[in-house]
Amino acid sequence: MNVSIADASVRPDAVPAPSTPLLELRGIAKSFPGVRALDDVSLPIWPGEIHMLVGENGAGKSSLMKILCGAYRADQGEIYHHGKRVEINSPADARNFGIAVIFQEFSLVPYLSVAQNIFLGREFVGRLPGTIDRKRIDAEAKRVLTSLGSNIDPGMPLHRLGVAHQQIVEIAKALSQNARILVMDEPTSALSSRETEHLFDMMRRLKQQGVAIVYISHRLAEVFLLGDRITVLRDGRKVGSVLPSETSPAGLVQMMVGRKVDTTYARPTHNEAGPVALEVKGLCAPSGIAGIDIEVRAGEIVGLCGLVGSGRSEVARAIFGADRRSSGEIRIFGKPLVGDVSAAARQGVGFIPENRKQQGLALIRTVGDNIVLAALENLFPKRIFRPAIARKAADAIIRKLRIVTPSSLRPAQVLSGGNQQKIVIGKWLVAGARLFLLDEPTRGIDVGAKEEIFAVIGDLVANGAAVLMIDSEQSEIVHVCDRAYVMREGRVVGHLARHELSEANILRLAMHHD
Amino acid sequence: MTTVETTAASPRFVMSGDLTQLFYRLAAIGLICVALSFLSDAFLTTNNLLNVLRQASLVFFMASGLTLVILTGKIDLSVGATVGLSACLAATVIKSTGSPWLGAVVGIGAGSLVGLANGVLVTRLRIPSFIATYGSLWIVQGITYYYMAGQTIYGFPPGFRALGSGYALGIPIPVYLMAGFLLIGGFFAKRTTYGQQIYAIGANSVAARLSGIPVNSRLVLVFIMSGAMAGLASLVFLARLNSAEGDIGESLTLPTIAAVLIGGTSLFGGIGTVSGTFFGALILTLILNGMNLLAVNANWQPPVTGAIIIFSVWLDLATSARSQASA
Amino acid sequence: MTDYSVIDQPAATKASILARVPGVAFMLVLLFVAFATTTPGFTTLANLSNVVVQSTILLIIALPMTLIIMTEGLDLSIGAVLTLTSIIFASVLLPTGSYALAFAASSVVGIMFGAVNGWLIAVPRIPPFVATLGTLGIAQGLCLIVTDGQSIVGLPPQLQWLYGGTILGIPVPLVMAALAYLAFHGILYHTRFGTYVPALGGNREALRQAGVNDSLVLVAVYTLGGFMAGIAAMLLTARMNSAHPTAAIGMEFDAIAAVAVGGTQFERGNGWLFGTLLGVVTIGILRNGLNLLAIPSSVQVSCVGLLVILALFVDGLRSTEE
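Chains as they are written, first to last, in this note's numbering: chain G, 445 to 958; chain P, 331 to 657; chain S, 76 to 397.
Worth flagging that the hints you see were computed from the coordinates, not collected in a lab. Among the clues, some could well be false.
[To be verified] Simulated pairs of lysine-lysine, PhoX-like, Cα-Cα distance not exceeding 20 Å:
hint : chain 1 : residue 1 : chain 2 : residue 2
1    : G       : Lys-801   : G       : Lys-894
2    : G       : Lys-725   : G       : Lys-779
3    : P       : Lys-520   : G       : Lys-836
4    : G       : Lys-836   : G       : Lys-826
5    : G       : Lys-826   : P       : Lys-520
[What the hints assert, rightly or not] Here are the simulated distance ranges between beta carbons:
hint : chain 1 : residue 1 : chain 2 : residue 2 : range
6    : S       : Asn-288   : G       : Ala-787   : 43 to 51 Å
7    : P       : Ile-514   : G       : Ser-860   : 34 to 42 Å
8    : P       : Asn-546   : G       : Leu-669   : 43 to 51 Å
9    : S       : Gly-286   : G       : Lys-844   : 22 to 30 Å
10   : G       : Lys-844   : P       : Asp-348   : 22 to 30 Å
11   : P       : Arg-521   : S       : Arg-200   : 32 to 40 Å
12   : S       : Asp-223   : P       : Glu-580   : 19 to 27 Å
13   : G       : Ala-787   : P       : Asn-378   : 51 to 59 Å
14   : P       : Glu-580   : S       : Pro-232   : 41 to 49 Å
15   : P       : Asn-546   : G       : Glu-531   : 46 to 54 Å
All C-beta atoms, glycine included, are put in the ideal place defined by N, C-alpha and C.
Here chain G stands alone, though its shape is the one from the complex:
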């Protein structure tokens, strides 16, 4: 069956496909401890086709990508290349099969030239032993770049290029290794609209040359503009593969959402909202957010939703002072907040960062040390540290939050993820925080522990604190939060009150490209 001919009427630039896919994944499954990342996913990749891969955060897209490039090995399933069964066990294997992945962090060297970057490790040998043929490297690089429709000077040092052009170099690098399948992960997230158009021109060229492109994106406009085929993943499963002509943005959203309602996370009661704990007006920061207006009252759990890269963490960090603010007003329980993290901590703001191991905990320090870390000046106003008092405070938190550890003297690194997260939350409890900024509090935590974390958060607000919670799992937002703000591309684009709070609504606001 030749699908592409059928939609040639819609897509004038379509390339007729052969009868076997360039690459085919069948029944791919991949699990990690506690999480089933992929379950029976089958995917054909045809040459000359732009295959869109969409799904929520955590749907399995990045696991699939990693399997394609050889970074992960599938637990089950087969891979066929030109109809022949093959194994992709390493990045070198993937390269041999012509698969190249363009990640968001480029593998480029800043102070080498464009050409040197393209041919890193594969330089053409010169006449004298040990030398390289610079002219040939430059010439070949120019050839590849030209075939992409770019006239970047191959001799230019890479660091002088902007993100968009570095991306082109990354693509050229892949092509120079005879990639026939290009996997691109959110390639337009850092590009201006003009640069995006250039990228799309390039992709159309590649299509003409028979290259297959697997394109992961949240931007529905792009998906419909460029895609020849759309595959939707949800919870590690393939929901379906459709042609753009067969569906609509709303339909796509519907396919991406629609999980069974999970009542485990439902909060038993919603409190009366108290005084305004956090008031943000016109917050802007060089980290990429602008015009943020947010309000959180005591007793509320307010969600901050959006897709990866929409600026949610940046907002939390800017409020806390971890990132520089360029303008805007912040009030904590009516009092203005100026200054950096020490000021925020003193005014009762607690920040639970996204990456608890690298940013939230001093892993080699004990549980007890970590728990009192933000409260040292509170507990010991005369600056004399009394281990007994610290231990008591730590033990109290361990009891209150039910942290599982033989004692407060164990190093924090030996605890499970859920318990580590409790330490980070507990740290701010001891410090007397009244406003908690939580960035992905349940990331990497197994189901049972998630429940406990939400119970802890519920307790926090029941006792009069306020919570602003970032969570990429929309179902959690829906069932735990009182209301939510939705962000997109550095701005708040919407607010959902309790009765409006649904996964579909969140996604619609987060993805819609007007």
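Position chains P and S against the provided structure of chain G, taking the given hints into account.
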């Protein structure tokens, strides 16, 4: 009131990581002493042992301040040069005013200023500490040489000299000072909020900052303290040597770093104790003392010290809890 | 086909010419003018050629230091290794009279130290400043042990040709330095190894992904430093017509300073070989001028240090402007 506890009550005495470290060092000291007493008759004499203690205390003064810097994950390569500068300035003041106290103020003040400069270079100019302090090492040394213009200052008041050469109850005075610093330093590190924050900064400076700790302020503080301690050490040196020359302190950097590292303080920060540094100073001095007693060419001391430094870091990397923590 | 490259060069058109000129060129000119106008005897041909010839030894060790710093590393031991190899060179030359043998011996020692440095940094991943601090102590100690604190004298007078002689009218050290510079230029810009050096500092992971043995390259970089020390040793010994146990102790500071002043950064693999050349000349001029003003060597060191801080400061200012 009884409560059902979900966790075991924290026992009062626990063989914590720090204690095991100290145990190993005590064992090492014991082994070295036993070995040396067999290898040389002169080792176990009172004179020699007191000498070892005195030497160790000189190293310890500088090493204690440096310990704080290394605990934060930074390094101060300029300690030796700072001692030199402080010593020469203090010497001048003592000679001209006759007041050891004034000399002390000047010496410690000079050291603190160098520390402040280092702190600013590292926190404001964001120069990696090993480069910044390497540069300040040379600058300070240059200033010292220029100031001294090749001369030697000698002949200090006997009261002052007692600081370095005197005895009390048969034990050299520097040893008492060392004990004092051990207590004060250990107290600062373990029993003040500043100390707790310093450990946290060394363990994970990002997490420390995100917990509201003013990281830059604390870094400047430890550099100042390192410089001040170097200033203090210079006074004891002056008292002991009864003279000051431009090149005092040049050969001190390596042994100071070695003492800190042998003492179990991790170069990467967050792990270590001042008492460990005490034992490190002792171990290093014993090793060097042994080499002296066995008539090994004194020129072997820097190589041995250098090798010890490399070995300590290697050991730290190979066994560190840190490598497991970086998952 | 649209002209893509224009889009990403906003800075080039906006920034003034002044910002594009490297800081070291400024400093060089400034210092030259300052000394020329204030210091008698500075602008004589004899003096200036003296500066150039004296700078050659520093250049020969600053060149590999540039590469080392480009890998985000540092070699604190190179001064001591230079001293040691000079001693070895003299020690072998004295009894045998064979320059070839002496050179072989000193090169081997230099290479060994370089390889040890590289290995310690690449394999157990000991931070460069610690590893080379340790080998500094070892080399320094060996210098004193081998010579027993005495200088080695009585070397054959022909040795002096290496420093004082000329080839086709050009002083020998200059020829050697020029050859060294050309060699390093060739290595850095025309070999695979040279391509990998900035990658080690800029994105080591990318290098590994490209299938290159990054540890091997790292060891090679430091070994090259040791080897160049062996070469510089010949010039040093010829210049002093003897070998002293403390001859070049501390020269690593000048080398690092020259590299830093020349614009090579300590992070990200941004290196400029010609900048190092300019840096070496700048420091040479600074020291020479200060010498003529009878300012003691110790103070000269402080001035070099201040120069480095100034360079780093200005560098920091510029990069925040970008």
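- Enumerated hints in conflict with the structure, sorted upward: 9, 14
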